[in-house]
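Engineer: Protein sequence lines, in the order shown, are assigned to chains A and B.
Residue numbers 217 to 503, in the working numbering, belong to the letters of the first sequence in order.
Residue numbers 965 to 1238, in the working numbering, belong to the letters of the second sequence in order.
Just so you know, not all the hints are guaranteed correct.
[What the hints assert, rightly or not] Some chain B residues flagged as far from chain A (calculated, every beta-carbon gap over 10 Å): (1) 998; (2) 1019; (3) 1137; (4) 1170.
[What the hints assert, rightly or not] The list that follows gives simulated cross-link-like pairs (lysine-lysine, DSS-like), each with its CA atoms no further than 30 Å apart: (5) 222/A x 1002/B; (6) 311/A x 222/A; (7) 222/A x 1144/B; (8) 968/B x 311/A; (9) 1062/B x 1144/B; (10) 1002/B x 1012/B; (11) 1144/B x 409/A; (12) 1012/B x 222/A; (13) 222/A x 968/B.
[To be verified] Some chain B residues well away from chain A (every beta-carbon gap over 12 Å; in silico): (14) 1038; (15) 1062; (16) 1070; (17) 1086; (18) 1096; (19) 1151; (20) 1152; (21) 1153; (22) 1210.
It is worth saying that the hints were derived from the structure and are not from the lab.
Just so it is clear, CB atoms sit at the ideal spot from N, CA and C, and this is done for glycine as well.
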Amino acid sequence: MSDRQKIVLLLLPAMLVIVVLFFGGLIIGLMRSFNYMPIIGLTEPNFKAYISIFSDIEFYHSFLLTFHIAFTSTLISCVLAIGAALLLRRSFVGKTIVNFLFQLNLTIPHLVGAIGMLYLFSQSGSFARLAAEFHLISRPSDFPALIFDPYAIGIIMQYVWKEVPFIGVIVLANMQSIGEDYESVARSLGASKWQSFWHVLMPMIFPGVLSASIIVFAFTFGAYEIPALLGANYPAALPVLAYQKYTNVDLAARPEAMAMAVIIAILCAILIWIYVRYCRKRIRGQA
Amino acid sequence: MSQKQNRTLQSLRVLTGIVLITWLVLPLVPLAIWSFAKGWYFPDILPKRWTLNAWDYTFSDTAGVLDSLWITIWISLAATGLSVLIGVPAGRALGMYKFKGKELVELMILAPVIVPGIAVVLGIHSIFIFLGLNNTVTGVVLVHLIPTLPYMTLVMSGIFANYDPAYEDQARSLGASPLKTFWYITLPAIMPGIIVGGLFAFLVSWSQYILTLLIGGGRIITLPLLLFNFATSGRNDITGAIGMIYILPGIIILLLTAKHLSGRSGAVGGFGQI
Chain A
217 MSDRQKIVLL
227 LLPAMLVIVV
237 LFFGGLIIGL
247 MRSFNYMPII
257 GLTEPNFKAY
267 ISIFSDIEFY
277 HSFLLTFHIA
287 FTSTLISCVL
297 AIGAALLLRR
307 SFVGKTIVNF
317 LFQLNLTIPH
327 LVGAIGMLYL
337 FSQSGSFARL
347 AAEFHLISRP
357 SDFPALIFDP
367 YAIGIIMQYV
377 WKEVPFIGVI
387 VLANMQSIGE
397 DYESVARSLG
407 ASKWQSFWHV
417 LMPMIFPGVL
427 SASIIVFAFT
437 FGAYEIPALL
447 GANYPAALPV
457 LAYQKYTNVD
467 LAARPEAMAM
477 AVIIAILCAI
487 LIWIYVRYCR
497 KRIRGQA
Chain B
965 MSQKQNRTLQ
975 SLRVLTGIVL
985 ITWLVLPLVP
995 LAIWSFAKGW
1005 YFPDILPKRW
1015 TLNAWDYTFS
1025 DTAGVLDSLW
1035 ITIWISLAAT
1045 GLSVLIGVPA
1055 GRALGMYKFK
1065 GKELVELMIL
1075 APVIVPGIAV
1085 VLGIHSIFIF
1095 LGLNNTVTGV
1105 VLVHLIPTLP
1115 YMTLVMSGIF
1125 ANYDPAYEDQ
1135 ARSLGASPLK
1145 TFWYITLPAI
1155 MPGIIVGGLF
1165 AFLVSWSQYI
1175 LTLLIGGGRI
1185 ITLPLLLFNF
1195 ATSGRNDITG
1205 AIGMIYILPG
1215 IIILLLTAKH
1225 LSGRSGAVGG
1235 FGQI
């Protein structure tokens, strides 16, 4: 058997799954978003679903909210993760514990973290009770709304809780393989601590940070269960809105749900393009 | 740098470390307490009365938690097994060979890692209607392959990139059959990768929500779905107990594989999915 045949055979099952399920799902979603599905007698594609969602203010609110959630969570997580990695690369008391907790956190599903946030930060949650204990508030409703709130603070806190360890572990490994020699050289040439971090270390860890950020942004943009649990009713995050439309008793709303799925997929395609363009080579070296 | 400055810096590190540790553990604390609490109302900082009621209920036959636990384990095991069977050959092709279109194949396999489930599952739901796969365990297992398979393939591709096929050639030239060669030479060499990749694929499947919700159609209630239902219905004590059970496999797997979880291993990328 030639190498060529071998490669085809080895890849065939995996490609079958990816092409049929993943790309099949994408393409069927795209077709249905245009009201085109010959198998059930829809033979004339149209833009109704897109016109409908683009003329509905709810979609824009939902999109902006989702973008805000993903962008803010990713940004805060990155900054804190880099800080945590800088802390963890030196030895200090409790380093082993932080390291272990970072890894533990990686294995805990987002949903559990979300329920934890609900019990900590809701208006009758642990922090509200502490505030009452210290006579800062007298009723649960005096406590600021951090869950089901329009700014999605609870959702963002949950993502930051989960993603700081995720990005942190990747950045830490990056830093450890780079070593501290370059910074020492910069320092001995008169660079300040900040300069040696910003101009020397940062450019070297950037590809790792960017690729982790892309994964985090895409996840936080497309996750359903966390905004479904911690989010306000209006506006709902885009994945929640898409699910509501899809499961609506009015079947006419289904193409609208598909159109939203297509929009999420397009956004991810852009992210994949950025990934390929800027971080691919570095990642491969580490795989 | 002066001694004093150094000491300030060191205590700053310790302080940040303490804040970090607290923040990492904090969300799990009320969950654990709730599972032993009886009527823990505002403004009590701790429950006035403790009980095992939630745990009794959780482990009773009528609650359905155990049924849900078994079906979740079964689905995750099946998705992991299939991922190994399909992902190991694909990993071999990507790790050991250079060929035309390899970049594209890699990209196609990588895409599901970035594109979230909600973007593809609505379309899949439409296809599965015709295939009769909606509301079935088979359908849920198949759809779980989308996040688990890329991950398994990437881990195995890393393993095969550092694998020397010369041993296989030697075994073959000494008269071993292809099957024997695979069983005695290849498999032992790639076993660590299969175990680590498999354990993490299990966790990825274990944490799926929206894929199961839509394809399972409310018939297949895995543990996260049940957890969500109890969390939104206000049964905090039972939610706490189920939550504790739900995070258990992750903790066990962590204890088994802690050293593989450094960011240096390609395996970590998969945790973006959990």
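Engineer: Each hint should be assessed against the structure and marked as holding or not.
Structural biologist: Here's how the hints hold up against the structure:
For residue 998/B, the requirement that its beta carbon stay farther than 10 Å from each beta carbon of chain A is not met, with the minimum near 7 Å. With a least beta-carbon separation of about 17 Å from chain A, residue 1019/B lies farther than 10 Å from that chain, consistent with its non-interface assignment. The claim that residue 1137/B lies off the interface holds: its Cβ sits roughly 17 Å from the closest Cβ of chain A, which is beyond the 10 Å cut-off. For residue 1170/B, the requirement that its beta carbon stay farther than 10 Å from each beta carbon of chain A is not met, with the minimum near 7 Å.
In summary, the hint linking residue 222/A to residue 1002/B is not supported, as the alpha carbons are separated by about 62 Å, beyond the 30 Å threshold. Only pairs whose Cα atoms come within 30 Å are accepted, and residue 311/A paired with residue 222/A is rejected, the gap being roughly 48 Å. In summary, the hint linking residue 222/A to residue 1144/B is supported, as the alpha carbons are separated by about 18 Å, within the 30 Å threshold. Restraint check: the Cα-Cα separation between residue 968/B and residue 311/A comes to about 22 Å, which is no more than 30 Å; the hinted pair holds.
Between residue 1062/B and residue 1144/B the alpha-carbon distance is near 26 Å, which keeps this suggested pair within the 30 Å criterion. With a C-alpha separation of about 8 Å, the suggested pairing of residue 1002/B with residue 1012/B holds against the 30 Å cut-off. A distance of roughly 59 Å separates the Cα atoms of residue 1144/B and residue 409/A; the hinted pair therefore is violated under the 30 Å criterion. The straight-line distance between the Cα atoms of residue 1012/B and residue 222/A is roughly 67 Å, outside the 30 Å bound, and the hint therefore fails.
The hinted pair formed by residue 222/A and residue 968/B fails the criterion: a straight-line CA distance of about 66 Å is larger than 30 Å. The claim that residue 1038/B lies off the interface holds: its Cβ sits roughly 18 Å from the closest Cβ of chain A, which is beyond the 12 Å cut-off. The beta carbon of residue 1062/B sits about 10 Å from the closest Cβ of chain A, which is not more than 12 Å, so the claim that it is off the interface is violated. The beta carbon of residue 1070/B sits about 8 Å from the closest Cβ of chain A, which is not more than 12 Å, so the claim that it is off the interface is violated.
With a minimum CB-CB distance of about 5 Å to chain A, residue 1086/B fails to clear the 12 Å threshold, and the non-interface call is violated. Distance to chain A confirms residue 1096/B as a non-interface residue, since its nearest Cβ pair spans about 14 Å, more than 12 Å. No beta-carbon of chain A is positioned within 12 Å of the beta-carbon of residue 1151/B; the least distance is around 16 Å. The claim that residue 1152/B is not at the interface with chain A holds, since no C-beta of that chain comes within 12 Å of its own (minimum 20 Å).
Against chain A, the non-interface label of residue 1153/B holds: every CB pair exceeds 12 Å, the least being about 16 Å. Taking the minimum C-beta to C-beta distance to chain A, about 6 Å, the non-interface status of residue 1210/B is violated against the 12 Å cut.
Violated hints for the displayed structure, listed by number in ascending order: 1, 4, 5, 6, 11, 12, 13, 15, 16, 17 and 22.
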